[in-house]
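Reading the sequence shown from the start, the letters are residues 0 to 531 in numbering that gives the first Met the number 0.
Hints in this document: simulated from the structure, not taken from any laboratory.
Misleading hints may appear alongside valid ones.
Now the in silico label distances, taken between C-beta atoms and shown as ranges [claimed, not checked]:
| id | residue 1 | residue 2 | range |
| --- | --- | --- | --- |
| 1 | 402 | 138 | 22 to 30 Å |
| 2 | 179 | 362 | 48 to 56 Å |
| 3 | 344 | 238 | 33 to 41 Å |
| 4 | 501 | 24 | 43 to 51 Å |
| 5 | 47 | 426 | 24 to 32 Å |
| 6 | 76 | 292 | 28 to 36 Å |
Just so it is clear, CB atoms sit at the ideal spot from N, CA and C, and this is done for glycine as well.
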Amino acid sequence: MVKRVAIVGAGVSGLASIKCCLEEGLEPTCFERSSDLGGLWRFTEHVEEGRASLYNSVVSNSSKEMSCYPDFPFPEDYPNFVPNSLFLEYLKLYATQFNLQRCIYFNTKVCSITKRPDFAVSGQWEVVTVTKGKQNSAIFDAVMVCTGFLTNPHLPLDCFPGILTFKGEYFHSRQYKHPDIFKDKRVLVVGMGNSGTDIAVEASHLAKKVFLSTTGGAWVISRVFDSGYPWDMIFMTRFQNMVRNLLPTPIVSWLISKKMNSWFNHVNYGVAPEDRTQLREPVLNDELPGRIITGKVFIKPSIKEVKENSVVFNNTPKEEPIDIIVFATGYTFAFPFLDESVVKVEDGQASLYKYIFPAHLPKPTLAVIGLIKPLGSMLPTGETQARWVVQVLKGATTLPPPSVMMEEVNERKKNKHSGFGLCYCKALQTDYITYIDDLLTSINAKPDLRAMLLTDPRLALSIFFGPCTPYHFRLTGPGKWEGARNAILTQWDRTVKVTKTRTVQESPSSFETLLKLFSFLALLIAVFLIFL
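Produce the complete structure using the sequences and hints provided.
This is the structure:
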């Protein structure tokens, strides 16, 4: 019987794992190698080994209503998109509310996690740690690994001919903290992900000239979406997700393209994705098109050659003088404390059932939390994973035989697309709502909308047509939160409250009233067609 659980890392997933263990009567012990909780969201002036690093200006890409813990909303006075300092404060509020810090050993590095000799029977693990130079060993019934995937910078210098002759400064985006270093410099940022775009935009306020080099391009969207609402509260609904998954991929891709270009024409700005069928993570940046149109940022193709003081781009013979190169080229991940026979990383992914359990182990007592890239917030995803894992550890939920799990893992690795819905092109990417619902279903925690439509139609409609906020995940099942219903029905009030800081009288319109009436009638018809 599982009782003692070791948790590696006290970031967003580690904290959720501690809480999920405690509420089900397990005894968690969390090992955190740094001096405080928060993981990625704890800003430090210097990069710390083995821990994710962020720059001072980082703001969440998911809105607060979409990225909170399912039973712990952000404070109402927090902005809709949360700066890293406030995000860390929120995590500390969460830890205090549920008394999680008593389970955390800070400044403790996990050196190794190995199977006990009787693992096939007991499923136990030996965890060796070091605290201030002193080594300790302890036996645990289960392990939850919550170290994330943003700790090992990917810096493929051999892909940039001549880089070793470059006399300027170059570094990975992991090292970046403040924009002061770019003052009056000619800057090149390589890689058009969220970090690369943020850094290019920040640099453009101080630098002499800024280039942003991209090979594949990307869709760029603003945090401010339709009618000024947060992008994910509009995009992430169960209704929209169902419609997308029913449509052929070419039609979905065309609709996505049309929506993305409604802000600005991506082709005219040189940032349009090369492959518009396969969906890569969109870039969230409110300033980029404005910096491009005012000549502060120049979009360039991939690098052909780096010279002593300049760079030559592909398809552009002109040399561009450069002083600083920032490589925003992503990350790799590894588990140095685990033997490859337990978890082996290949081609940017591991053989994990549901992205969580090593499929080949005879005892499912080791779980990896947060090693996934959903098109949604990591925080509620990790919390749902942890909740599911605890039910497995308790024996309340049973996994299929290892052979069945391996078959599913191998099928996923083939990355065969069904031809419908969004096409996710990279390892670890998945459909957020579908994935969460799959986990919730196996622990009897997915809301039953058909039954709810008869007993609580207002809530059912809010869940189906409104944003898929994390409160949905704690409406029912083990760990049910009594405040979930009210949180769902008041989510738009909290969203508007922090922006509507000046009261403006809206002028009544009879046309608008009629339009709302017809929309309501159309909505009722749609509900009957879908549910009946």
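Using the C-beta atoms of residue 501 and residue 24, is the stated range 43 to 51 Å upheld? With Cβ atoms ~50 Å apart, the hint holds.
That 33 to 41 Å hint for residue 344 and residue 238 (C-beta), does it hold up? This hint holds: roughly 37 Å between Cβ atoms.
Range agreement (Cβ of residue 292 with Cβ of residue 76, hint 28 to 36 Å): Given range 28 to 36 Å: holds, Cβ gap about 34 Å.
For the pair residue 402 and residue 138, does the Cβ-Cβ distance stay inside 22 to 30 Å? Cβ of residue 402 to Cβ of residue 138: about 29 Å, so the range 22 to 30 Å holds.
A range of 24 to 32 Å was offered for this pair. Does it hold for the Cβ distance of residue 47 and residue 426? At 26 Å between Cβs, range holds.
Consistency of beta-carbon spacing, residue 362 to residue 179, with hint 48 to 56 Å: holds (52 Å)
Checked against the numbered hints above, the structure violates none of them.
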